Structures are given as C-alpha cells and as structure tokens.
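Produce the entire structure from the sequences given, and follow the hints as far as they go.
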Amino acid sequence: MADPVTVNPMVTDAVTQSNVKVVGEAPAMAISTLYQSMAHSTGILFENAVAAQQQQNILAQAAANQGVMQIYSMDTMAGAGATEKVGQTGVADNLTGLMTVLQAFSGGR
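Going by the working numbering, the first residue of the sequence shown is number -6, and it counts up by one from there.
Quick caveat, the hints were computed from the structure, so don't treat them as lab data. The structure presented is a predicted model; accordingly, all values stated were derived computationally and were not measured. Ideal Cβ positions, reconstructed from N, Cα and C, are used throughout, including at glycine. Fair warning: there could be bad hints in the mix.
Pairwise CB distance ranges (calculated) [claimed, not checked]:
(1) Ile37 to Gly17: 28 to 38 Å
(2) Ala32 to Ala55: 34 to 44 Å
(3) Glu18 to Gln54: 49 to 59 Å
(4) Val61 to Gly90: 28 to 38 Å
(5) Ala21 to Asn50: 35 to 45 Å
Below, the structure is given as structure tokens:
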C-alpha cells in the first residue's frame, strides 16, 4: 500500500490551476481550429473558381479560333456550294430521290 503522504497545498494548487487553465483555453483553441479550417476551405474554393475561369477562357479561345478559321475558309465554302450547284447534288435533289424510291416501294400510293 502506498504511504499516506501529505502533499504541500501549494503543489496541489498549482496542478489544479494548470488543469483549469487547459479547460478554460479549450473553447478558444476549438474556435481557432475552426477558423483555420474555414480559411483553408475558402482558399480551395477560390482556387477552384480560378481553375474554372481558366477552363472557360480556353473554351472561348477555341471557339473564337474555329470562327476565324471558318471566316478564312469562306472562299473554299463558296467553291463547294458552286460545285454542288453544278453537280445537282443538293439536299433537295437527295430528298426528291428518296421520295421517288419510297413511292416505288410503296406501290405508288
């Protein structure tokens, strides 16, 4: 068994006071941890927003590039349209041909 030894009240008071100090500081430590976590989350939020803006800018640049390429190729598109007119291979001619085939298969109804 342990010897019942009296401890100086000043020692027990110091231990008690340090325990009270730790318990008293716990809410402040918890709030500071919460603030730090929120600051980190907000930082990640802004990083994601910047990344999304960069991706949208890349898409806008690609769309503008496609538009410029179409503008620069207008003469070849005009040539393709002229070739279609000369060859009589337009959409209307294709539809007329399909209607003729359908009428032939349906017996002229």
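34 to 44 Å as the expected CB spacing between Ala55 and Ala32, which holds or is violated: With Cβ atoms ~35 Å apart, the hint holds.
Outcome of range test on Cβ distance (Ile37, Gly17; 28 to 38 Å): Hint holds: Cβ distance 33 Å, inside 28 to 38 Å.
Glu18 versus Gln54 beta-carbon gap, inside 49 to 59 Å or not: Cβ of Glu18 to Cβ of Gln54: about 54 Å, so the range 49 to 59 Å holds.
Pairwise beta carbon distance, Ala21 to Asn50, judged against the given window 35 to 45 Å: Taking Cβ atoms as reference, Ala21 and Asn50 lie about 44 Å apart, which means the hint holds.
CB-CB spacing for Gly90 and Val61 relative to the 28 to 38 Å hint: Holds, at about 37 Å.
Checked against the numbered hints above, the structure violates none of them.
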